[in-house]
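So the sequences go chain by chain: A and B. Note that our numbering numbers the first sequence so that position 237 is 237, with each residue one more than the last. Note that our numbering numbers the second sequence so that position 38 is 38, with each residue one more than the last.
Hints are not guaranteed to be accurate.
Pulled from the structure, derived: some chain A residues nowhere near chain B, Cβ distances all over 10 Å [unchecked claim]: (1) Leu147; (2) Ala187; (3) Thr321.
Facing chain B, from chain A, some residues (calculated, C-beta under 7 Å) [as the list claims (entries may be wrong)]: (4) Glu71; (5) Trp195; (6) Arg216; (7) Leu218; (8) Thr239; (9) His252; (10) Tyr258; (11) Leu276; (12) Tyr278; (13) Thr360; (14) Gln364.
Below, simulated EDC-like cross-link-like pairs (lysine to aspartate or glutamate); rule was C-alpha separation at most 16 Å, straight line [what the hints assert, rightly or not]: (15) B:Lys174 to A:Asp78; (16) B:Lys215 to B:Glu188; (17) A:Lys300 to B:Asp82; (18) A:Lys81 to A:Glu120; (19) B:Lys174 to A:Glu71; (20) B:Lys215 to B:Asp195; (21) B:Lys148 to A:Asp237; (22) B:Lys148 to A:Glu357; (23) A:Lys27 to A:Glu71; (24) A:Lys188 to A:Glu201; (25) A:Lys188 to A:Glu167; (26) B:Lys94 to B:Asp82; (27) A:Lys300 to A:Glu312; (28) B:Lys148 to A:Glu153; (29) B:Lys148 to A:Glu236.
Don't read these hints as lab results, they were simulated from the structure. Positions of the beta carbon are idealized from the N, C-alpha and C atoms, including for glycine.
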Amino acid sequence: MFLAVIMLFLAPLAPHHAVAAKFDPTKVSTLRGTVTSVDWRNPHVHVLMNVQQGVRTVNWAVELESALDLERSGWNRDSLKPGEALTVQGPVARDGSMQIWGNSVVLANTGQKVLAMSAEAIAALKPVTNNKPAAPTPRWPGGQPRLGPVPGETGYWARPNSTMLVENGVKVEADANGLLKNIADAAKVAPFQRWARDVFEYRQRSFLKDDPMFLRCLPPGAVRQFQMPYGNQFVEDRTFGRIFVMAGGGNHDWHFIYVDGRAQRGDLRGNDDNPLYYGHARGKWEGDTLVVDTKGLNEKFWFSNGGLPHTEQLHLVERFTRTDMNTLKYEVTIDDPGAYTRPWSASWTLQWVAGEELPTYYCQDNRP
Amino acid sequence: MNRLLQLFLFVSLCLCGSSLLAQRGQRAAGPAAPPPPAPRWPDGRINLGADPGATGVWEVTPTAVPLMRPDVAADFGLFAADTREPTDPFLAAKPKLSQVPFQPWARALFADRVQHRREPYTRCKPSPGARQVATAYGTQFLDVPELKRFYILETGGAHSFRTIFMDGRAHPSKLSPSYRGHSVGHWEGDTLVVDTVGFNEGAWIDNLGPPTTEKLHMIERFTRTDFSTIRYEITIDDPGAYTAAWKSGFYMRWVPGVESFEFICQDNNKASDLMVGDGTLVVDAPPFVP
């Protein structure tokens with residue numbers, strides 16, 4: 001039973017950070033207390049509660065999944081009220097602060113489990129297996145594949161079937177945050193230079209605690225944006241030769257892929273002195289595939305879940321192919337002579353979430 | 001360096017960048033020649049962006065952003081206040097502070113906000129309404145009639161976007177309160193009218209922060225009166241904070257030849273301790289990194 005509980009938080013769905021980055025799975029505690037307030041905001045909902053510890057009353061923060069995921073599970077900010085008595089079980093913070101991950105939150109008087117993710121909400125983040133043949137790739141009048149919805153419909157891309165960069169052909173197991181099941185696999189993930197492998201292994205061994213996306217709400221940036229649970233939307237602005245890429249999660253931000261034939265060089269404020277998170281993305285169509293060449297990336301973000309390092313020499317070639325209505329094949333070639341011994345490739349697919357709007361999630365919401 | 005001073009410098013930098021671009025735009029338009037008429041799409045609809053093949057963004061002079069005018073300069077605390085009486089009737093119609101129908105608590109909170117100047121924008125929060133379209137480094141509109149959508153994108157601030165549904169849908173009956181709410185729009189002649197509800201209370205609708213509640217119903221009207229100008233009008237209908245609905249507005253100026261760029265507030269922010277809370281500042285910060 002104890003092992004099963006640990007497995008549950010080693011395979012978290014937390015879109016913001018690996019639970020183990022902040023909480024120690026070997027220190028599971030049970031707290032009984034009274035709700036003082038509920039902070040219903042992304043990236044994580046917090047229930048604050050007073051716990052009697054000896055003669056002292058201590059205010060604990062119970063951390064839960066995102067407001068978005070809890071709302072998808074049918075909960076809202078009024079699901080718990082100040083004054084209600086709770087029993088909370090979960091791992092406590094590694095830094096000794098009064099924080100606990102709410103693996104289970106139970107109302108003391110009724111025994112009802114509250115603020116847990118529903119099976120539907122969990123399933124919404126994962127690829128859907130569907131044996132029915134999908135409709136064909138939607139196309140513009142000229143025949144070019146559409147990356148967005150057809151008129152009158154809506155949808156966005158999410159549910160990646162891999163959430164970590166792993167070289168094509170390599171088999172390793174990792175969780176949704178890119179934490180390897182077996183740390184001995186670290187060197188297999190990519191053709192790392194020695195220093196890069198050591199950095200990667202350090203980040204893995206420290207449960208991804210230094211992730212800039214977790215610590216400072218920095219953007220997921222290039223490549224990692226397509227591993228995110230709340231997806232992306234493409235709007236092809238063909239009049240101006242650009243594709244508007246909108247992020248559901250992260251900072252709910254946007255950038256353009258220019259498909260107007262402009263040269264691969266710095267933009268205003270995106271020059272050699274100011275490398276970027278999403279880089280200079282230049283796209284062109286090769287048959288049914290959008291090929292995007294990206295340079296000008298900074299080193300301040302992790303370009304994959306799991307913490308693979310890169311340098312400012314990173315040069316990406318990404319290939320997007322909508323193979324049918326519901327499938328976007330994503331292939332990326334990574335050429336970074338600063339961190340890897342040779343260029344290498346990875347690929348995964350994204351699924352079309354039909355009939356739904358891109359989620360609105362701001363990582364910076366739960367900040368002062 | 002003193003943290004508040006850092007924050008002040010950060011805000012000043014944002015505003016200076018904005019005003020430099022605005023000045024450049026005014027020079028480009030020329031002081032004498034009247035600007036050409038507003039461009040239109042082949043179907044006759046007003047184009048709120050650049051001509052195809054060209055570039056540009058919309059800017060708002062920082063002192064024009066507040067939705068009220070000061071009665072006296074001290075009304076705006078440290079913020080630069082322009083007390084001159086405008087000759088333009090549209091600008092003269094902007095209410096003075098004393099004319100805004102605040103409820104008493106909202107007036108008191110506004111005074112506190114002017115005094116302490118902790119605009120959520122400076123901590124990377126997405127701003128709604130007037131503040132979104134008056135962000136540093138400009139605003140762009142993306143009109144996608146094929147999908148019956150309209151997008152407003154800001155370069156500075158949170159570098160985020162707002163979707164306006166143009167397909168005639170109603171607001172959902174249940175909305176989780178958010179920074180930007182739920183926007184639906186339609187054209188009334190040459191004016192884009194945007195109706196928004198579903199706001200949270202954490203967002204400021206301009207850079208001084210007239211308080212708003214979850215009851216806020218906002219109507220914005222965008223009229224491109226000539227090539228270089230959008231008349232932006234806003235109605236604030238919030239029975240939670242005001243005793244009556246009130247109106248305000250400003251001009252947005254076209255800055256030609258400028259493209260948006262990647263702006264990451266979290267990266268450039270000189271007030272990162274306010275972002276994560278180091279426990280030493282008197283802010284309503286949780287004592288932990290969420």
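These are the hints, each one checked on the structure:
With a minimum CB-CB distance of about 12 Å to chain B, Leu147 of chain A clears the 10 Å threshold, and the non-interface call stands. At roughly 31 Å from the closest C-beta of chain B, the C-beta of Ala187 of chain A stays outside 10 Å, upholding its exclusion from the interface. Even its closest Cβ contact with chain B, about 22 Å, leaves Thr321 of chain A beyond 10 Å, as expected for a residue assigned away from the interface. With its C-beta approaching chain B no nearer than about 6 Å, Glu71 of chain A sits inside the 7 Å limit, and its interface hint holds.
Interface restraint check: Trp195 of chain A against chain B, minimum CB-CB distance 24 Å, threshold 7 Å, status violated. At its closest, the beta carbon of Arg216 of chain A sits 5 Å from a beta carbon of chain B; the interface hint therefore holds under the 7 Å criterion. The interface hint given for Leu218 of chain A is met, as the beta carbon of that residue sits about 5 Å from the closest beta carbon of chain B, less than 7 Å. The beta carbon of Thr239 of chain A is positioned within 7 Å of a beta carbon in chain B (closest approach about 5 Å), and the interface hint is therefore held.
Annotation: His252 of chain A was flagged as interfacial toward chain B, and the flag holds, the nearest CB pair being 5 Å apart, inside 7 Å. Hint status for Tyr258 of chain A relative to chain B: violated, with the closest Cβ pair at about 9 Å, above 7 Å. Hint on Leu276 of chain A holds. Least Cβ distance to chain B is approximately 5 Å, under the 7 Å limit. A least Cβ separation of about 6 Å between Tyr278 of chain A and chain B falls short of the 7 Å threshold, and the interface hint therefore holds.
Interface restraint check for Thr360 of chain A: the shortest CB-CB distance to chain B comes to about 6 Å, inside 7 Å, so the restraint holds. For the restraint placing Gln364 of chain A at the interface with chain B, the shortest Cβ-Cβ distance is roughly 5 Å, inside the 7 Å limit, so the hint holds. Annotation: proposed proximity of Lys174 of chain B to Asp78 of chain A holds, straight-line Cα distance about 14 Å (limit 16 Å). For the hint linking Lys215 of chain B to Glu188 of chain B, the alpha-carbon distance of about 25 Å lies beyond 16 Å, and the restraint is violated.
For the hint linking Lys300 of chain A to Asp82 of chain B, the alpha-carbon distance of about 41 Å lies beyond 16 Å, and the restraint is violated. With a CA separation close to 25 Å, the supplied pair Lys81 of chain A and Glu120 of chain A exceeds the 16 Å bound. A hinted pair counts as satisfied when its Cα atoms are at most 16 Å apart, and Lys174 of chain B with Glu71 of chain A qualifies at roughly 12 Å. For a cut-off of 16 Å, the pair hint linking Lys215 of chain B to Asp195 of chain B stands: about 13 Å separates their Cα positions.
Pair hint Lys148 of chain B plus Asp237 of chain A holds up; C-alpha atoms about 13 Å apart against a cutoff of 16 Å. About 14 Å separates the Cα atoms of Lys148 of chain B and Glu357 of chain A, which keeps this hinted pair within 16 Å; it holds. Using a Cα cut-off of 16 Å, the hinted pair Lys27 of chain A and Glu71 of chain A is violated, with the two alpha carbons roughly 29 Å apart. Between the alpha carbons of Lys188 of chain A and Glu201 of chain A the distance comes to roughly 11 Å, so the proposed pair stays at or under 16 Å and holds.
Distance check on the hinted pair: Lys188 of chain A and Glu167 of chain A sit about 8 Å apart at the alpha-carbon level, within 16 Å; holds. Restraint check: the Cα-Cα separation between Lys94 of chain B and Asp82 of chain B comes to about 12 Å, which is no more than 16 Å; the hinted pair holds. Between Lys300 of chain A and Glu312 of chain A the CA atoms are separated by roughly 9 Å; this keeps the pair inside 16 Å, and the hint holds. Note on Lys148 of chain B and Glu153 of chain A: the hinted pairing holds, with a Cα-Cα distance of about 10 Å set against a maximum of 16 Å.
Proposed proximity of Lys148 of chain B and Glu236 of chain A is supported: the alpha carbons are some 14 Å apart, at most 16 Å.
Hints 5, 10, 16, 17, 18, 23 from the list above are not met by this structure, while the remaining hints are.
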